[in-house]
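For this one, chain A is given, so just place chain B on it according to the hints.
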Amino acid sequence: MKKFLFLSLAIVAISFFGCGDDGDSKPVDNFDRSVMLINWADNIIVPAYEASVASLTALETAAQNFRQDATAENLEAVQTTWLAAYRDWQRSGMFQLGKAEELLLIEFMILNPTDIAGIESKIAVGNYNLDLPSQTTRQGFPALDYLLYGIGADNAEVLAAFQDAGTGEGYREYVLAAASKMRQNMETVLSDWKNGYRDTFVGNAGSDANASTDRMTNDFIFYYEKHLRAGKVGIPAGVFSGDKLAGNVEAFYNKNVSKELLLVGLDAMQDFFNGVSYDGAVTGASMNAYLEELGSTKSDSPLATVINDQFDEARTVINGLGNDFAQIVDNDNISMLRAYDALQLNVVNIKVDMLQAMCISVDYIDGDGD
Amino acid sequence: MQESSAAPLATFRIFFGLLMLISLIRFAALGWIEKLYLEPTFHFSYYGFEWVKPLGNYTYLLFIVCAIAAICVSLGYRYRLSVLVFFLSFTYIELMDKTTYLNHYYFVSIMSFLLLWLPAHRYYSLDARRDPSIASEKVPKWSVDAIKVLLAIVYFYAGLAKLNTDWLLSAQPLSIWMPARYHLPIIGPFLREGWMHYAMSWAGAAYDLTIPFFLWYSRTRPLAFVAVVVFHVLTRVLFSIGMFPYIMIVSTLIFFSPATHQRMLDGITWLGTRLKIRPRPIHYGSGRPVHFRQRLVLPVLYVFFVLQLLLPFRYLLYPGELFWTEQGYRFSWRVMLMEKAGYAQFKIVDGATGKRLYVDNSEYLNAFQEKQMSFQPDFILEYAHYLADVYRERGFTTEPEVYVESYVALNGRSSQPYVDPEVNLLQFEPSLRNKTWLLPFKDEIKGF
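Protein sequences, first through last, are from chains A and B.
Per my numbering, the first sequence starts with residue 1, numbered consecutively.
Per my numbering, the second sequence starts with residue 371, numbered consecutively.
The following block holds chain A by itself, in its conformation from the complex (with noise of 0.2 Å):
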């Protein structure tokens, strides 16, 4: 007994030792991991969601007009909607949790390449499932970007196809059913995030690999490096192929908007960083706000800080490209491959360095340590 008493003070005695040494003092973690779901769920991907349903059905509606009247007006205008709800997507894509998570969204929304043939057929057909897993290449918004500029060489010519007397309907056909298929994906997310799902991602405030804000974060990176990093430009450029694939770029036949919606996936993904709310009116708790909490350095920078900097490194080699990706990747891919490694650059910073500030593991396989 007296040993034992003896061991548990010397404990106690050497702990004080040790915290009296101030050789690095760290703050303290005060931070409220519940504050920053809140902050994400009803500021920002709440209100993303709900911004791509609006969206979307106003490309829905005008799908539905431009059904019932081929004209050069209306064309236009599914062309304007399609392209404001391809923007606003950016800003919702990378949450993929939950239902958008079971439904495989992101796959219904934007496969790349769109596979033109199978479109096609199905419309020469008439006869169509967009329900289907396995028709996730011929919907969404690439295959929506071949239909309303790709059937012919200009506008003239694809207002011309959509009013042909043969095939001219059962392209318009098709346009609707995409955009309503999009729609109605999408309200199901925001449906389930409004009946339920929001309280449950709040609630889930824990620190395992099932936890919110582990799985959000996870996400997060998935997002940066498979679809913002590797998807629009990586991919295109030949970075994993060592061929290039002008073809994969977004927003292919449009040709004038890959940067645009590129640039937006960036700052979406920089806002989100740092708790941006989705009207940019409110900044709250964040990763950003995580890591200066945590006392985060990297070189003697704040993390946070050498993080941001990348992003903004990012956009600015970005905003030095030209507006068709496809053209930059066959004439000038040595500027493509620039932009891809100043996105490269920032995994580390947020893979490695912020996930151990974080203490998040990146795998999702739950297993044991020792």
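Hints in this document: simulated from the structure, not taken from any laboratory.
Worth double-checking, as some hints may not be accurate.
Stated by the list, open to error - Straight-line alpha carbon distances no greater than 25 Å define the calculated SDA-like cross-link-like pairs of lysine to any residue that follow:
#, chain 1, residue 1, chain 2, residue 2
1, B, K405, A, I221
2, A, K226, B, Q786
3, A, K226, B, A758
4, B, K717, A, H227
5, B, K423, B, A758
What the hints assert, rightly or not - From chain B, some residues computed to sit far from chain A (all C-beta separations above 12 Å):
#, residue
6, I480
7, P502
8, F614
9, P628
10, L680
11, V793
12, P810
13, F818
Beta carbons: idealized from backbone N, C-alpha and C, even for Gly.
Structure of chain B alone, referenced to chain A:
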């Protein structure tokens, strides 16, 4: 030959077998057989054991065989054979993919190897009832002590490994791990306090270094056991470490007196009678002295223990910081010492044309494998060779060169470049030789 009661060995055998059975069932129930062994297309091998791979659907059979062996060990039924089968099947499972390496799996492997040589089936077992000529209430004292010594080595070496500047002076990695658990009831708020990280680090080191001695002496034993329970339950609450705490708590029971163990066995008998299980009594002491094959076994145990004492120090044969290079890190009771994370981007270059591409690791590895690979050099090298084969087969190039740009962060330090990005990894074959292609660690960690 000093003799002692056979009861401690018998209870150890029963509980060990039982815990192993539970561990295997848990592993299967969590779906880990599929996730870890069946779904990945590529598996990381231990050097020299490249031939050990998952067996497709027969992997389930392997787990079943292992579980049956665990039951037989627990019952003491054909003990030597069943513990041999358990040792081989369990070790095979662990060798299939080193991604899943855990010190406690290694502990189970060598403990079952040790049990193979111990007469744990002479008492309170089906074997003893079947064959009265081997039944015995006494076993050589060394056979019980062998288990205690192995446990003492595990604890003491785990304690030694904690005597380093990261652990003691920076409270790393606990000061990264503990704050994240702030939501836990009662202890949660304390987990973000700096003094708490130091207190836990120092207490943990003190616990590991001293607990074997406090368990060994009868006067300190009861309180030491309380400390064992508190310590392991705490680690279970704080970290996700599966069955290990329970295995250690139950294993340390071996230090208790024969009388205590006899009471546990009487408890099992009582439980049996309540369940209307009344086995025929076992006849001990048929008069003939029981033979223990000491001349064969003792030399084996000496070699085994000398190896156990030396193996954790093999890192001294390598230059560089152990935590950084991990050369000699495994099989050394270095438990919970590092928060390490990495990122590795592989580049395949066609040696003939200079054409190049980057590898999307998720095409070949699951998230867990990618994570482990990104900061362990033997994984990186093995994977580089695999990638070369893949891209040769795909017809990308007949003369591949594989480079990696990698960054590793260790115990809260900023990430640093890890592998020399100018080195074609294919110039090096997997081996135990020093890995010269690693970049030096830009800091110093002093200690064991």
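- Please settle this one: B:I480 was flagged as non-interface, so is its CB more than 12 Å from every CB on chain A? holds (15 Å)
Should the label of B:F818 as a non-interface residue stand, given a Cβ cut-off of 12 Å to chain A? holds (18 Å)
- Cβ separation check - B:L680 to all of chain A, threshold 12 Å: About 22 Å separates B:L680 from the closest Cβ of chain A, which puts it past 12 Å; holds.
Margin query: Please verify that the nearest CB of chain A lies beyond 12 Å from B:F614's CB.
Written below: violated (6 Å)
Practice task
Just double-check B:P502 for me: nearest Cβ-Cβ distance to chain A has to come out over 12 Å.
Solution key: holds (42 Å)
Q | Pairwise hint evaluation, B:Q786 against A:K226, where the allowed Cα distance is 25 Å at most | A | holds (23 Å)
- Verdict on B:V793 as a residue remote from chain A, using beta-carbon distances over 12 Å: Its Cβ never comes within 12 Å of chain A, the nearest being 19 Å, so this holds.
**Prompt:** Per the stated criterion, does the least C-beta distance between B:P810 and chain A lie above 12 Å, as a non-interface residue requires?
**Reply:** holds (17 Å)
Requested in this report: For the pair supplied as a hint, B:K717 and A:H227, confirm whether the alpha-carbon distance does not exceed 25 Å.
Outcome: holds (20 Å)
Quiz item: Is B:K423 close enough to B:A758, meaning Cα to Cα at most 25 Å?
Solution: holds (20 Å)
Assertion that B:P628 lies farther than 12 Å from chain A (Cβ): holds (23 Å)
- Take a quick look at whether B:K405 and A:I221 sit within 25 Å of each other, Cα to Cα. holds (22 Å)
Hint check: a violation occurs at hint 8 only; the rest are consistent with the structure.
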